[in-house]
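If you count the sequence shown from 1, position 151 lands on 151 in this note's numbering, and the numbers rise without skipping.
Take the hints with a grain of salt, since some may be wrong.
Pairwise CB distance ranges (calculated) [stated by the list, open to error]:
1. Ala69 to Glu169: 24 to 30 Å
2. Thr72 to Asp104: 17 to 23 Å
3. Glu83 to Tyr120: 18 to 24 Å
Read the hints as simulated data drawn from the structure, not as lab findings.
Quick caveat: nothing in here was measured; it's all calculated off a predicted structure.
Heads up, the beta-carbon is just placed ideally off N, CA and C, and yes, glycines get one too.
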Amino acid sequence: MRGRQISMNKAIFWDLLGTLGGDSRTLINQNFNFFKDTIPALKKAAQSHYLNIIITNQSHISHGRITMAEYTDALESLINELEKNDIQITDVYTCPHARKDNCDCKKPQPTFVNEALKKYDLNPSKCFVVGDSGKNDMMLAKNAGINSVLLLTGEGIDSLTKYRHLWSETKPTFIAENSLDAINKIHMYADGDSSDS
């Protein structure tokens, strides 16, 4: 029994749209599909004892393009699809608000990350935010004090070019082509930390 008690004190905070599938305009109850690298990436993260946690801004709800009930049903279907591939999502944090709502949970505010760090007893130095948005995901990582990976999927390339001024005060720990490339680089980063100790 003792050998099975693996410490799960690290997590990857995944963005959803533009990172695991779709893009920022996607309504997940209509036209969302996981990218081909998503399933292997989530599996590899779990095999390396990272908790897979999703943090997503869903302002489509506030704007009335999708109801909360429709979103919840679609999200459950996505989670079920992942479970059929032997992938467990530990938690999903959703901000349904638009900027005009002045909430305290919308990325890049660190509310959800801070909540998860406490809830799951996570070590911030072993956690990563992985996403395609500099102004939301990379700034979220900065505000939460954890590492970050910018993906070149979704709006990742635009984040590095025409939107770079919106997050000029920080930079990602590293840049990856896609979610699987991100996991591979996280492995290399973690191995480097281990070899230095």
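Given a hinted range of 17 to 23 Å, is it respected by the beta-carbon distance of Thr72 and Asp104?
-> About 21 Å separates the Cβ atoms of Thr72 and Asp104, which means 17 to 23 Å holds.
For the range 24 to 30 Å, tell me whether the beta carbons of Ala69 and Glu169 fit it or not.
-> Once the Cβ atoms are compared, 38 Å apart, the range 24 to 30 Å for Glu169 and Ala69 is violated.
Verdict for Glu83, Tyr120 (Cβ pair) under range 18 to 24 Å = Holds, since Glu83 and Tyr120 (Cβ atoms, about 19 Å apart) stay within the stated range.
Violated hint for the displayed structure: number 1, the only one.
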